[in-house]
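Kindly generate the complete structure, drawing on both the sequences and the hints.
Heads up: the sequence lines are chains A and B, in that order.
So the first sequence is numbered by my numbering: it starts at 1 and just counts up by one.
So the second sequence is numbered by my numbering: it starts at 1001 and just counts up by one.
Keep in mind that the hints were calculated from the coordinates and are not lab data.
Since the structure is predicted, the reported quantities are computational estimates derived from the model, not experimental observations.
Glycine residues also receive a C-beta, built at the ideal position from the N, C-alpha and C atoms.
Possibly wrong hints are sitting among the right ones.
As the list claims (entries may be wrong) - Straight-line Cα separation of at most 25 Å, DSS-like style, residue types lysine-lysine; simulated pairs:
#, chain 1, residue 1, chain 2, residue 2
1, A, K262, A, K180
2, A, K238, A, K322
3, A, K255, A, K74
4, A, K322, A, K287
5, B, K1267, A, K141
6, A, K180, B, K1267
7, B, K1275, A, K180
8, B, K1267, A, K393
9, A, K141, B, K1264
10, A, K220, A, K232
11, B, K1107, A, K141
Unchecked claim - Reference listing, derived: stretches of chain A covered by chain B, where coverage requires no fewer than 3 residues with Cβ under 8 Å from a Cβ of chain B:
#, segment
12, 88-101
13, 194-204
14, 337-346
15, 360-370
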Amino acid sequence: MNMNYTAEELAFRDEVRAFLDEKLPADIAAKVKGFRRLSKEDHLRWQQILCKQGWYATHWPEEYGGVKWTPVQKHIWDEESCRYGVPRSIPFGVNMVAPVIIKFGNDAQKQHYLPRILSGEDWWCQGYSEPGAGSDLASLKTRAVRDGDHYIVNGQKTWTTLGQHANMIFCLVRTNTEVKNQEGISFLLIDMNTPGITVRPIITLDGEHEVNEVFFEDVKVPVENLVGEEDKGWTYAKFLLTYERTGLAGIGMSKAALSHLKQLASRRMKNGKPLIEDPSFSQRIAKVEIDLTAAAISNLRIIASVEGGGVPGAESSMLKVKGTEIRQAINDLARRAIGPYALPFVEEELDLAYDGEFLSDENAAPLSAQYFNNRKLSIFGGSNEIQKNIVSKMILGL
Amino acid sequence: MDFRLNEEQQMLQDTVARLVRGEYSFEKRLEFSETELGFSADFWRQLSELGLTAVPFSEELGGFGGGGVEVQSVMAELGRGLCLEPYMQSVILGGGLIGQAGNDRQKENWLAGIASGELKAAVGLQEPQSYYDLNNVETRAEKNGEGYLLNGRKAVVIGGHCADLIIVSARTSGNSDSADGISLFAFSPDTDGVERRTYPTIDGAKGCDITLTNVQVGADALLGDEGQAGSVIEYQAGRAIAALCAEAVGVMEMANELTLDYLKQRKQFGVPIGKFQVLQHRMVDMMSELEQARSMAILAASVADSEQSDERRRVLAAAKNVIGRAGQFISEAGIQSHGGIGMTWEYNFAHYAKRLIAINHQLGDDDFHLERYAALLQAS
Ligand SMILES: Cc1cc2nc3c(=O)[nH]c(=O)nc-3n(C[C@H](O)[C@H](O)[C@H](O)COP(=O)(O)OP(=O)(O)OC[C@H]3O[C@@H](n4cnc5c(N)ncnc54)[C@H](O)[C@@H]3O)c2cc1C
Ligand SMILES: Cc1cc2nc3c(=O)[nH]c(=O)nc-3n(C[C@H](O)[C@H](O)[C@H](O)COP(=O)(O)OP(=O)(O)OC[C@H]3O[C@@H](n4cnc5c(N)ncnc54)[C@H](O)[C@@H]3O)c2cc1C
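The structure is reproduced here in structure tokens:
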């Protein structure tokens, strides 16, 4: 047993730190650390810096412009970037559709799409869920009917994250209604500017526009936009879901959120003392920090086994449940820490350009909204109930 | 022993329920919330015309001397409708403070207006550094020839943006966290030196922070004896806590009804999701949390207007603790059981969830009241 980084890994960490010290734009880091809103432009600006360094596509083979990091290196990157306030990478292009195209797509698709993902020319979104197909994804109904050189697509996708910024959507569509649900699904790449596509915002409970509904009415999609074989989309989707699940535990983000919470609690006062010196509140923080320590080690154990050639299996489902519970607990404490100031929702303070006086602590404004927004963590990427179903089936044999 | 409402109380509750059902659809509520006022002036007028703003006041003021149970009946229905009107702030807390501490002239000037709904009061007891401790008052009131000069800041005054009368606590003597030396002042928000910063709140209401800079008020603005307001504030905050508990029960009832309906309607994997045992058990837990909360709201209502005692203090702390915990559980469990739809603005569930969390941040959260209760464990 050896729980320490090797000398090479430590050197890599130094390299990451040096890069972030030098290249991470201060305004972007300030937004991330202050939980302010990021614009599409912010994301793209950072993406370009990463690409220049060759560190954007960490899941890709080198021949397509990826970087070959070991699982431990990816982990180091994740930890450091959360600590520094690097924007959460928008995964749909680089970490979701790209691995599918690389593994199952044809050469033309690889040559066309992969460079455009690197350059930021294409912004992808994920069209899986439908109003009637959430946890039961395989029951999806959006139809694609072959008509000569095209598929004609009709139906509706929903909860499409950042679809308002996207020009491309990868969709699961039904191409065959005669077979079992899972067997009649295909994986289609669709240009969002095709006539017949309408995007409508869904406003979440915290007032954010983060998700959308996407409607398809007689949308003509060229057959060359089919990935792999017709009716085999479910296999590709499942391949992608394992990518989605690792990383959903959000250990790095929890660490960043915890350190923010501790700063907050050392500034806010209760009974004339900083909150962090209050016996009951400090114990609450201690408890979540202890839980996070354990989850971080579990995460490393999974990473080490993947490094040794294993495939992350149902363990990552367990970790997703724990990790999301921990992050939600941290958000709960941050909201509690500001006491009565959890009530005001001063939206303009979420804007980095805001130069007025802050109502309370400058980090207070987003905290309640963030608490509510992060209820999503236990719902998306496979709800926590579904993850537990997977664990009980796959590991426990129940 | 009989926990049922009597005939009058039942009529009262039915009246409010009918009014809320008729006037406060979810869509209308969203509209009210978006207006500058932040609630419905028309609904407020109807509450007043039906005598509902006068419920806790004496007959001379048009009321019927309603106690904790009557207030509970009103608040529970306002909770079911997620009503945004400042009933608790103006009628219960504002009216209560003036009723308990005010002299005859002050009562004459203000109570009839509050009871009729024509005058809206807002109460500022918290400050930026106070957390939930109402004895932690740094706002200063200095006596001078004309009355008092006020300086300081009051935090998160719900309903303060549209109030006709503002009541604040300020220190006339003593240390910043001492119960002694706190006084209450009531004055118009138009007084020179009063500055309000208005904002929406996470649950769709409106409030403000009030900065007082050399605000000169007359001696007649002082409510009650100088320096003696600590116990008045504690007592009336207790009544307001009982009212909030009642409101929370109404909110929870609706949250549970909506969730149960959804479990029956929503199908995944070919069956209603209510067939999944994990959701069944969670729904059962939501129901039993509601029952715990209901019991404590009843207990709180029963002591709201009784004489102050450690037993009253304990009951109110316990009730607010249970309400806070149950509210958060129902809010989070309800969103989770709804899946994505529970996260949206357009569907009403999330607004109930947000109100439940907001109630936990008004007049002390569950942690705060747990500490209060623990401190009173051994008191007689
Ligand atoms: C903020 C946000 C962003 C999202 N982004 C995207 C996106 O970009 N692209 C995309 O395709 N989708 C996205 N989703 C959709 C997400 O994947 C779904 O919300 C999720 O799969 C759950 O589906 P549902 O919302 O329909 O809930 P439902 O499936 O209806 O579930 C409702 C409840 O029932 C439970 N349940 C369901 N089945 C079972 C079972 N068998 N056993 C026990 N319990 C069960 C669930 O756990 C949940 O508690 C997003 C969702 C959110 C909230
Ligand atoms: C101290 C003690 C005193 C007792 N005294 C008496 C007595 O005086 N007279 C008498 O007749 N019996 C008595 N019992 C027996 C008692 O009623 C049974 O233990 C009880 O009914 C559970 O049955 P079981 O032990 O066979 O467990 P099982 O029924 O086998 O249950 C095992 C577990 O599975 C769970 N489970 C079972 N079915 C479901 C389901 N459909 N959904 C979800 N979970 C489920 C149970 O909750 C439990 O956690 C006593 C038991 C104890 C421990």
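Status of the hints after comparison with the structure:
1. A threshold of 25 Å between alpha carbons decides the hint, and for K262(A) with K180(A) the separation of about 52 Å lies outside it, so the pair is violated.
2. Pair hint K238(A) plus K322(A) holds up; C-alpha atoms about 22 Å apart against a cutoff of 25 Å.
3. Taking the CA atoms of K255(A) and K74(A), the gap is near 16 Å; set against the 25 Å cutoff, the hint holds.
4. Pair hint K322(A) plus K287(A) holds up; C-alpha atoms about 14 Å apart against a cutoff of 25 Å.
5. Pair hint K1267(B) plus K141(A) holds up; C-alpha atoms about 14 Å apart against a cutoff of 25 Å.
6. For the hint linking K180(A) to K1267(B), the alpha-carbon distance of about 18 Å falls within 25 Å, and the restraint holds.
7. Taking the CA atoms of K1275(B) and K180(A), the gap is near 23 Å; set against the 25 Å cutoff, the hint holds.
8. Of the pairs offered as hints, the one joining K1267(B) and K393(A) holds, with about 22 Å between alpha carbons and a cut-off of 25 Å not exceeded.
9. Proposed proximity of K141(A) and K1264(B) is supported: the alpha carbons are some 22 Å apart, at most 25 Å.
10. Only pairs whose Cα atoms come within 25 Å are accepted, and K220(A) paired with K232(A) is accepted, the gap being roughly 20 Å.
11. Of the supplied pair hints, the one linking K1107(B) and K141(A) is violated, its CA atoms being roughly 67 Å apart against a limit of 25 Å.
12. Restraint check on the segment 88-101 of chain A versus chain B: 0 residues with Cβ-Cβ distances below 8 Å, three needed, restraint violated.
13. Counting residues of the segment 194-204 of chain A whose beta-carbon sits less than 8 Å from any beta-carbon of chain B gives 3, enough to reach three: the coverage restraint holds.
14. Check result for the segment 337-346 of chain A against chain B: holds, 8 residues qualifying (beta carbon to beta carbon below 8 Å, three or more required).
15. Figure legend: the segment 360-370 of chain A, annotated as covered by chain B; annotation consistent (3 residues with Cβ-Cβ distances under 8 Å, at least 3 required).
The structure does not agree with the numbered hints 1, 11 and 12 stated previously, though it agrees with the rest.
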